[in-house]
Amino acid sequence: MAAAEYVLGVQPLDERQQAARRVDTEPDFARLVDVWEVRLAPLAAGYPEIEAPFAVKQAIDRRLSRNDRKRRAGFWSSLVLWRGLAGMAVLGFALALAVPYVLENRSQTPPVRMVASLAAPGTDVQYLAMFDAQKAELGLSHVSGEREANRDFELWMIEPNKAPVSMGVIPVGSTAHMTLDQPTLAKLAGGAVLAITLEPPGGSPTGDPTGPVVASGDLRQI
Amino acid sequence: MTPQDITKLIVRTSLKDRSAFDQLYRATNAKLFGVCLRVLNDRAEAEEALQEVFVKIWTKADRFAISDLSPISWLVAVARNHAIDRIRARRKPTVDIDTALDVADPTPGPEQQAVSAGEGDRVYRCLDELEEDRAAAVRGAYLKGESYAELAERHGVPLNTMRTWLRRSLIKLRECLER
Numbered sequence: 745m746a747a748a749e750y751v752l753g754v755q756p757l758d759e760r761q762q763a764a765r766r767v768d769t770e771p772d773f774a775r776l777v778d779v780w781e782v783r784l785a786p787l788a789a790g791y792p793e794i795e796a797p798f799a800v801k802q803a804i805d806r807r808l809s810r811n812d813r814k815r816r817a818g819f820w821s822s823l824v825l826w827r828g829l830a831g832m833a834v835l836g837f838a839l840a841l842a843v844p845y846v847l848e849n850r851s852q853t854p855p856v857r858m859v860a861s862l863a864a865p866g867t868d869v870q871y872l873a874m875f876d877a878q879k880a881e882l883g884l885s886h887v888s889g890e891r892e893a894n895r896d897f898e899l900w901m902i903e904p905n906k907a908p909v910s911m912g913v914i915p916v917g918s919t920a921h922m923t924l925d926q927p928t929l930a931k932l933a934g935g936a937v938l939a940i941t942l943e944p945p946g947g948s949p950t951g952d953p954t955g956p957v958v959a960s961g962d963l964r965q966i
Numbered sequence: 007m008t009p010q011d012i013t014k015l016i017v018r019t020s021l022k023d024r025s026a027f028d029q030l031y032r033a034t035n036a037k038l039f040g041v042c043l044r045v046l047n048d049r050a051e052a053e054e055a056l057q058e059v060f061v062k063i064w065t066k067a068d069r070f071a072i073s074d075l076s077p078i079s080w081l082v083a084v085a086r087n088h089a090i091d092r093i094r095a096r097r098k099p100t101v102d103i104d105t106a107l108d109v110a111d112p113t114p115g116p117e118q119q120a121v122s123a124g125e126g127d128r129v130y131r132c133l134d135e136l137e138e139d140r141a142a143a144v145r146g147a148y149l150k151g152e153s154y155a156e157l158a159e160r161h162g163v164p165l166n167t168m169r170t171w172l173r174r175s176l177i178k179l180r181e182c183l184e185r
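As you go down the protein sequences, you meet chains A and B in turn.
Numbered according to our numbering, the first sequence terminates at residue 966, and the numbering increases by one at each position without gaps.
Numbered according to our numbering, the second sequence terminates at residue 185, and the numbering increases by one at each position without gaps.
Treat the hints with caution; some may be incorrect.
[What the hints assert, rightly or not] The calculated DSSO-like cross-link candidates involving lysine-lysine, where the alpha carbons are at most 30 Å apart (straight line), are:
no.: 1; chain 1: B; residue 1: Lys14; chain 2: A; residue 2: Lys801
no.: 2; chain 1: B; residue 1: Lys14; chain 2: B; residue 2: Lys62
no.: 3; chain 1: A; residue 1: Lys906; chain 2: B; residue 2: Lys22
no.: 4; chain 1: B; residue 1: Lys66; chain 2: B; residue 2: Lys37
no.: 5; chain 1: B; residue 1: Lys37; chain 2: B; residue 2: Lys14
no.: 6; chain 1: B; residue 1: Lys66; chain 2: A; residue 2: Lys879
no.: 7; chain 1: A; residue 1: Lys801; chain 2: B; residue 2: Lys62
no.: 8; chain 1: B; residue 1: Lys66; chain 2: A; residue 2: Lys931
no.: 9; chain 1: A; residue 1: Lys931; chain 2: A; residue 2: Lys906
no.: 10; chain 1: B; residue 1: Lys66; chain 2: A; residue 2: Lys801
no.: 11; chain 1: A; residue 1: Lys879; chain 2: A; residue 2: Lys801
no.: 12; chain 1: B; residue 1: Lys22; chain 2: B; residue 2: Lys66
no.: 13; chain 1: A; residue 1: Lys906; chain 2: B; residue 2: Lys62
no.: 14; chain 1: B; residue 1: Lys178; chain 2: A; residue 2: Lys906
no.: 15; chain 1: B; residue 1: Lys22; chain 2: A; residue 2: Lys931
no.: 16; chain 1: B; residue 1: Lys22; chain 2: B; residue 2: Lys37
no.: 17; chain 1: A; residue 1: Lys801; chain 2: B; residue 2: Lys37
no.: 18; chain 1: B; residue 1: Lys62; chain 2: B; residue 2: Lys37
no.: 19; chain 1: A; residue 1: Lys801; chain 2: B; residue 2: Lys178
no.: 20; chain 1: A; residue 1: Lys931; chain 2: B; residue 2: Lys37
no.: 21; chain 1: A; residue 1: Lys879; chain 2: A; residue 2: Lys906
no.: 22; chain 1: B; residue 1: Lys37; chain 2: A; residue 2: Lys906
no.: 23; chain 1: A; residue 1: Lys801; chain 2: A; residue 2: Lys906
no.: 24; chain 1: B; residue 1: Lys14; chain 2: B; residue 2: Lys66
no.: 25; chain 1: B; residue 1: Lys22; chain 2: B; residue 2: Lys62
If you are wondering where the hints come from, they were derived from the structure by calculation, not from laboratory data.
Everything numeric in this text was worked out from a predicted model, so none of it was measured.
Please model the entire structure based on the sequences and the hints provided.
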């Protein structure tokens with residue numbers, strides 16, 4: 745009954761907080777709460793629709809950009825960053841070896857190489873993505889974090905103001921290489937964001953992301 | 007906007023797409039503000055709560071994927087839970103019920119009930135099977151976020167009686183909905 749009472753909202757504060765904690769820690773309880781939310785949801789038709797004053801949206805925008813700045817500040821002290829930098833150092837070494845080759849080829853096509861550290865708060869999943877326009881290839885290095893049993897990681901490309909486009913399920917293993925077609929290549933070179941979501945085996949059944957984002961990041965020129 | 011459109015906006019919001027978030031806000035702020043106002047009964051507090059609700063939606067949008075709720079119901083649940091947490095944390099309940107709302111009492115009248123008939127049909131029919139005052143208590147708790155204590159006072163019964171009433175009503179409701 746605790747799940748039903750929590751959804752109805754009648755409990756005093758302490759019981760409510762206890763129930764909210766259980767939602768976060770006990771998947772079975774969370775499912776029961778969800779079932780009750782579904783059962784009672786039609787009652788919400790009784791709520792009126794009243795447009796909020798414009799100032800509310802402005803205040804939300806201010807809060808979001810403040811959070812964003814805080815996140816960036818926290819970024820410098822984060823473990824993920826140092827792991828990422830360690831990865832970059834390895835990459836830098838690899839690049840140093842590759843430089844003569846790159847310089848040699850400069851005359852034909854401008855070499856566009858970019859890297860992205862894909863990570864997200866609240867997960868330990870991290871990948872390093874290396875984009876090579878010349879080879880029309882995206883390399884992925886698995887840095888940390890395992891996929892859940894019976895779930896796959898799917899890679900998405902997101903252009904500003906557009907729906908995410910799937911780049912396919914990421915094969916299990918420490919590295920993966922994806923060959924890019926010309927349109928995808930152009931979009932990535934133009935600054936699309938990469939994100940990884942947790943999906944059913946074989947990838948999202950709908951063509952749109954259905955699971956939580958476990959890592960994301962944007963490509964930066966090196 | 008169709009539920010599928012709203013689903014897409016929530017998913018894109020979970021990928022930190024700010025323009026999707028802005029569209030989601032435009033499409034749903036009126037409903038969610040209605041929820042906050044109805045529960046909190048205070049305009050300034052409801053505006054504050056709505057800000058917090060949308061910040062939550064921005065940070066927790068990925069949780070939508072693991073819920074069986076329709077997209078708008080999921081958003082309403084986020085707003086409702088937040089508003090109820092706020093009102094529970096508040097020491098003294100606001101007395102001037104409905105003055106903060108310059109709209110008519112939005113408890114579903116026949117018109118709205120007709121609109122919500124369809125998927126909501128069953129829960130209303132099941133509520134009708136309960137005794138009238140108990141159905142009113144369930145509806146009041148859901149829409150206004152009333153606590154056991156407030157309901158007990160309004161219905162003039164001891165707190166534990168109100169708990170028993172509501173628990174039994176919820177069990178009956180579940181039985182009816184599962185029939």
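>> Between the alpha carbons of A/Lys879 and A/Lys801, is the straight-line distance 30 Å or under?
In response: violated (45 Å)
>> Hinted pair, alpha-carbon criterion (30 Å max): A/Lys801, B/Lys37. Please report holds or violated.
In response: Given that 30 Å is the threshold and the Cα spacing comes to 14 Å, the pair holds.
> Between B/Lys178 and A/Lys906, does the CA-CA distance stay at or below 30 Å?
Replying inline: violated (46 Å)
>> A/Lys801 and A/Lys906 were given as a pair; does the straight-line alpha-carbon distance stay at or below 30 Å?
In response: Given pair A/Lys801, A/Lys906 holds - Cα atoms ~22 Å apart, limit 30 Å.
> Given the hinted pair B/Lys22 and B/Lys62, is their alpha-carbon gap at most 30 Å?
Replying inline: holds (12 Å)
>> For a C-alpha distance cap of 30 Å, please report whether B/Lys66 and A/Lys801 respect it.
In response: holds (18 Å)
>> B/Lys22 and B/Lys66 were given as a pair; does the straight-line alpha-carbon distance stay at or below 30 Å?
In response: holds (10 Å)
>> Would the hint linking B/Lys37 and B/Lys14 be met if the CA-CA limit is 30 Å?
In response: Between B/Lys37 and B/Lys14 the Cα gap is close to 18 Å, so the pair holds against 30 Å.
> Are B/Lys37 and A/Lys906 close enough, with their CA atoms no more than 30 Å apart?
Replying inline: This hinted pair holds, its Cα atoms lying about 25 Å apart.
>> Checking one constraint from the list: CA of B/Lys66 to CA of A/Lys931, max 30 Å. Satisfied?
In response: At roughly 28 Å apart (the allowed maximum being 30 Å), A/Lys931 and B/Lys66 satisfy the hint.
>> Tell me if the straight-line CA distance from A/Lys801 to B/Lys178 falls inside 30 Å.
In response: violated (41 Å)
> If you draw a straight line from the CA of A/Lys931 to the CA of A/Lys906, is it 30 Å or shorter?
Replying inline: Holds, because 12 Å separates the two Cα atoms, which is no more than 30 Å.
Comparing the model with each earlier hint shows violations of hints 6, 11, 14, 19, 20; every other hint is respected.
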